[in-house]
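Protein chains: 2
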Amino acid sequence: MATLDHVLGAIADPTRRSILARLADGPARISDIAAPFPMSLTGFCKHVRILEHAGLVKRTRHGRENTLVLSARPLKQVAEWVLDYEQFWNLRLDRLEKFFAAKQEKSQ
Amino acid sequence: MATLDHVLGAIADPTRRSILARLADGPARISDIAAPFPMSLTGFCKHVRILEHAGLVKRTRHGRENTLVLSARPLKQVAEWVLDYEQFWNLRLDRLEKFFAAKQEKSQ
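Taken in order, these protein sequences are the chains called A and B. Take the first sequence: its position 57, counted from the start at 1, is 128 in my numbering, and no numbers get skipped. Take the second sequence: its position 104, counted from the start at 1, is 175 in my numbering, and no numbers get skipped.
Just so you know, the hints here were simulated from the structure itself, not pulled from any lab data. Since the model is a prediction, treat every value here as computed from it, not as a measurement. Some hints here could point you the wrong way.
Same chains, same names: a pair is fine if it fits in one copy or spans any two.
[To be verified] Below, simulated SDA-like cross-link-like pairs (lysine to any residue); rule was C-alpha separation at most 20 Å, straight line: (1) Lys129 - Arg93; (2) Lys174 - Asp84; (3) Lys129 - Gly97; (4) Lys129 - Phe171; (5) Lys147 - Asp76; (6) Lys174 - Glu136; (7) Lys117 - Lys147; (8) Lys174 - Ile104; (9) Lys174 - Gly134; (10) Lys169 - Thr113; (11) Lys147 - Ser102; (12) Lys129 - Ala105; (13) Lys117 - Gln158; (14) Lys169 - Ala106; (15) Lys147 - Glu157; (16) Lys147 - Met110; (17) Lys169 - Asp76.
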C-alpha cells in the first residue's frame, strides 16, 4: 500500500486529479486520456507514473496500447485522515478559540 | 480560500500533518510545537509557512511569541473531493472492471 504522503502528493496536482475523474467513468487508453491535455505525451506519462506509484491507477495492456483503470482504494486513507478534522472545519476562527478554551477547561 | 492544490500539497508532508494533529488539541506556541521535531527552527518555520499559505493554520501574536491555531476549513474541500470516490474504493480491481462494464452497458 502506498503511503499517505505519496497518495496526497499524487492528488495535489490538477492534471492528476483530472485523470482520476476521467477514469471514474471507466478504464481508458492512455492516448485517449492524454488527448485533451495541453502537454506532450512524455509529460503526461510522468503524471501517470506518479499515480501508479501512489497505487491510484493500474495499467493493463490491451493489444498495442496501455489502458488505465482507476484504483481508488488508497483514497480511503485520505478520507479517514481528513474526516478526523470534520468537527473543526465548520467553526470560524473566533469560535474555534472558544472551543479550545472550553475543551481545556473541561480537561482540567 | 487556498486552492485544493495548495491544501493537498500542504498535507502531503508528515511533519505538516503532525503539526495539524498537535493543533487539534488546541492553539500552541511555535517553539513548543517545534520542540519534538528533529529539525532546525528555521526548517520547522518553512513548514508552518506552507500550512499558513494553505489556510490551515493561523498565526496570532501573544507577547513575544507567535501562537498557531488550527484553521481546518480548507480540509472540507479535500473531504468533498475524496468522498466523490467513495463508491470505488471498496471494489477490488477485478470487480471494478465488472462495475465499469455494467455501467457502460447501462448507459448504452
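Each hint, compared with the structure:
When the C-alpha separation of lysine 129 and arginine 93 is checked against a cutoff of 20 Å, the pair qualifies only within one copy, where the shortest distance is 14 Å, while the shortest distance between copies is 36 Å. With identical chains, the CA atoms of lysine 174 and aspartate 84 are never at most 20 Å apart, being 36 Å at best within one copy and 28 Å at best between copies. In this assembly of identical chains, the alpha carbons of lysine 129 and glycine 97 lie at most 20 Å apart only when taken from the same copy (12 Å versus 41 Å across copies). For the identical chains of this complex, lysine 129 and phenylalanine 171 are inter-copy neighbours only, at 14 Å across copies versus 44 Å inside a copy, given an alpha-carbon limit of 20 Å.
Taking CA atoms no more than 20 Å apart as the test, lysine 147 paired with aspartate 76 passes in both settings, with 13 Å inside one copy and 19 Å between copies. Taking the shortest alpha-carbon separations for lysine 174 and glutamate 136, neither the intra-copy value of 57 Å nor the inter-copy value of 23 Å comes in at or below 20 Å. Neither within a single protomer nor between protomers do lysine 117 and lysine 147 lie at most 20 Å apart by alpha-carbon distance, with minima of 24 Å and 29 Å respectively. Taking the shortest alpha-carbon separations for lysine 174 and isoleucine 104, only the inter-copy value of 19 Å comes in at or below 20 Å, while the best intra-copy value is 49 Å.
For a Cα distance limit of 20 Å, the shortest separation of lysine 174 from glycine 134 qualifies neither inside one copy, at 61 Å, nor across copies, at 23 Å. In this assembly of identical chains, lysine 169 and threonine 113 lie within 20 Å of each other by CA distance neither inside one copy nor across copies; the values are 52 Å within and 30 Å between. Taking the shortest Cα distances, lysine 147 and serine 102 never come within 20 Å of each other, neither inside one copy (28 Å) nor across copies (33 Å). Proximity of lysine 129 and alanine 105 under a CA criterion of 20 Å is satisfied intra-copy only: 16 Å inside one chain copy versus 39 Å between copies.
For a Cα distance limit of 20 Å, the shortest separation of lysine 117 from glutamine 158 qualifies neither inside one copy, at 37 Å, nor across copies, at 27 Å. Taking identical chains as interchangeable, the C-alpha atoms of lysine 169 and alanine 106 are never at most 20 Å apart, the minima being 51 Å within one chain and 26 Å between chains. Within a single copy, lysine 147 and glutamate 157 get their C-alpha atoms as close as 15 Å, and across copies as close as 7 Å, so both meet the 20 Å cut-off. When the C-alpha separation of lysine 147 and methionine 110 is checked against a cutoff of 20 Å, the pair qualifies neither within a copy, at 30 Å, nor between copies, at 31 Å.
Taking CA atoms no more than 20 Å apart as the test, lysine 169 paired with aspartate 76 passes in neither setting, with 32 Å inside one copy and 30 Å between copies.
Checked against the numbered hints above, the structure breaks hints 2, 6, 7, 9, 10, 11, 13, 14, 16, 17 and satisfies the rest.
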